[in-house]
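Here is how the chains run, residue by residue.
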Amino acid sequence: MLEVSGLVKHFGGVKAVDGIDFTVQAGEIFGLIGPNGSGKSTTVNLVCGVFAPTAGTIRIEGRDITRLQPHGRVAAGIARTFQNIRLFGELTVWENLWVADNRQGGIRRWLASGQRIRSEMGEILEFAGLAHRRDTLAGALSFGEQRRLELARAVAARPRVLLLDEPAAGMNLEEVEQLRQRILELRARGLTVLLVEHVMELVMGVTDRIAVLNFGRKIAEGTPSQIQNDPLVREAYLGVNEEADAAH
Amino acid sequence: MDFYAGLAQVIGIHTLLGLSAYCVLLTGQVSIAQAGFFAIGAYTAGVMTVIGDAHILTAIVTGAAAAGVVAALIGFPALRVRGLMLVVATVAFGEAVRLLFFNFTWRVEKDGVMVGPTGTEGFRQIRYFPENGWSTLDVTLLIWAVTALVLAALWWMDRSRAGAVLRATGADELAAQSVGVSITAVKVSAMAIGGVIAGLGGGLYAHVTTHIEHAQFGVMLATFAIAYPILGGLSSVFGTVLAVIFVQGFLIEGLRFMGDWRNLLFGALIVLAMNLRPSGLLDAQGLRVLGNLFKRKERGHA
Chain A
1 MLEVSGLVKH FGGVKAVDGI DFTVQAGEIF GLIGPNGSGK STTVNLVCGV
51 FAPTAGTIRI EGRDITRLQP HGRVAAGIAR TFQNIRLFGE LTVWENLWVA
101 DNRQGGIRRW LASGQRIRSE MGEILEFAGL AHRRDTLAGA LSFGEQRRLE
151 LARAVAARPR VLLLDEPAAG MNLEEVEQLR QRILELRARG LTVLLVEHVM
201 ELVMGVTDRI AVLNFGRKIA EGTPSQIQND PLVREAYLGV NEEADAAH
Chain B
1 MDFYAGLAQV IGIHTLLGLS AYCVLLTGQV SIAQAGFFAI GAYTAGVMTV
51 IGDAHILTAI VTGAAAAGVV AALIGFPALR VRGLMLVVAT VAFGEAVRLL
101 FFNFTWRVEK DGVMVGPTGT EGFRQIRYFP ENGWSTLDVT LLIWAVTALV
151 LAALWWMDRS RAGAVLRATG ADELAAQSVG VSITAVKVSA MAIGGVIAGL
201 GGGLYAHVTT HIEHAQFGVM LATFAIAYPI LGGLSSVFGT VLAVIFVQGF
251 LIEGLRFMGD WRNLLFGALI VLAMNLRPSG LLDAQGLRVL GNLFKRKERG
301 HA
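If you read the sequences in order, they're chains A and B. Sequential numbering of the first sequence, starting at 1, is according to this note's numbering. Sequential numbering of the second sequence, starting at 1, is according to this note's numbering.
Everything labelled a hint here was simulated from the structure, so no lab data went into it. Hints are supplied without guarantee of correctness; some may be wrong.
[What the hints assert, rightly or not] Residues from chain A that face chain B, not an exhaustive set, calculated with beta carbons under 7 Å: (1) 74; (2) 77; (3) 80; (4) 90; (5) 95; (6) 102.
The beta-carbon is built from N, C-alpha and C at its ideal position, and this holds for glycine as well.
Next comes chain A alone, as it looks inside the complex:
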């Protein structure tokens, strides 16, 4: 579904991403984890087209989208959420979704009156638990609601691959569990999910496979249980050299 190969991004002399390959299968929930500064966010921004890669290709359903602009990638089937919430605070909840509703429909849909597509967006609001907040300004929502609206807005763009950039940051355990249910529901509806996350309760509890990044490279890939027992991953996360540990 989503195929990243030989992805490289240098910022001046900093090799933020230094040759990453991974493939997300259709209908899969794929985790991308790694310590701070390992290149996760840069990878997300490369896949979404915020940055142009130094080298490498990104394909979706076999189609090369490496050179497409961000909005072109949405049309190709990728939508994302942001690590630091980026809603349109001066627009209402409903208008935030409306902006994202980009399906082809020509000038008539572009100028369509609100009422006609309200029901379609209403379903997404229901899913995000925001139906009662439809006419509230996005900037006036609570933190948890803003996170949910970001997810809803990405879904409203009708992607086939959904990129979630640290969606659980700042959430309590109950909210993380709700998020986990929502991600599973999206997958059940046929979406492929790429989840970049620090919160291990979420990553380990929802993903099918995980790739681990460190210093801009992939150091491991496998199922959650394989990753949890991988010595390289433990070293990257805990900073522990197992041999030295054993010598004590």
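Use these hints to put chain B onto chain A, whose structure you have.
Chain B only, in chain A's frame:
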């Protein structure tokens, strides 16, 4: 009576100028080029009626189209700069247009008289209205018909999805792009629509004053254009109308009795107005109050 008709004409034309800046401002672009588009509309429409013997509506529409095309062309390089750099770039464009008309001469003999734009002397004798027997009232009605049409179109656009997309682009370009909005298309369209509206205003202005010259289209006019929507607030098109009435009707005409003190008070009152209503004369809350008033009336009738 003539005084009030004249004031109504000025308010109508300046409303068009303010609205042209309004729709560009919605996308987060501060453009000081609107006076340039206004000038292009004025000169094009003037040449059409004086040299081309065109009907006034044909002339005004052609002037608006010319301004719109130039604005769209300006929209592309303007995409690469933002904030203060865009202000500087658009000021430069506006001055370039003004200097173009400073040097623009196209003299044609009509009934034994030389007419047409004459460089530094300006473009005199744009006498379509008096020659065709239009009264002051007719002209005022034409101006307000055009203004009302533009107001209605923008009001409708604001409430459609296009309005949400323009505002979203102005609020956060990266977020807008990542839900599939083409920033290029949105910004260039807003610039072109702004150009068309400014061009309409310019075409009317040329025929109302009958005499235009480069100095009228300088940075001062461009500053007024951008000040109206900022002063009025970006919540709705009516904020801009309110700001034009406040500035042209109250500050400029209403305070005329103050003589030389007027200009001093003018500045002070604008600062005061912006301090008392920081998000515009007519902000979102003001609109809600007005909306509730209307709703209550409707309920009363039912």
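For a quick check of understanding: which of the numbered hints are violated here, in increasing order? Number 2 - this is the single hint that the structure violates.
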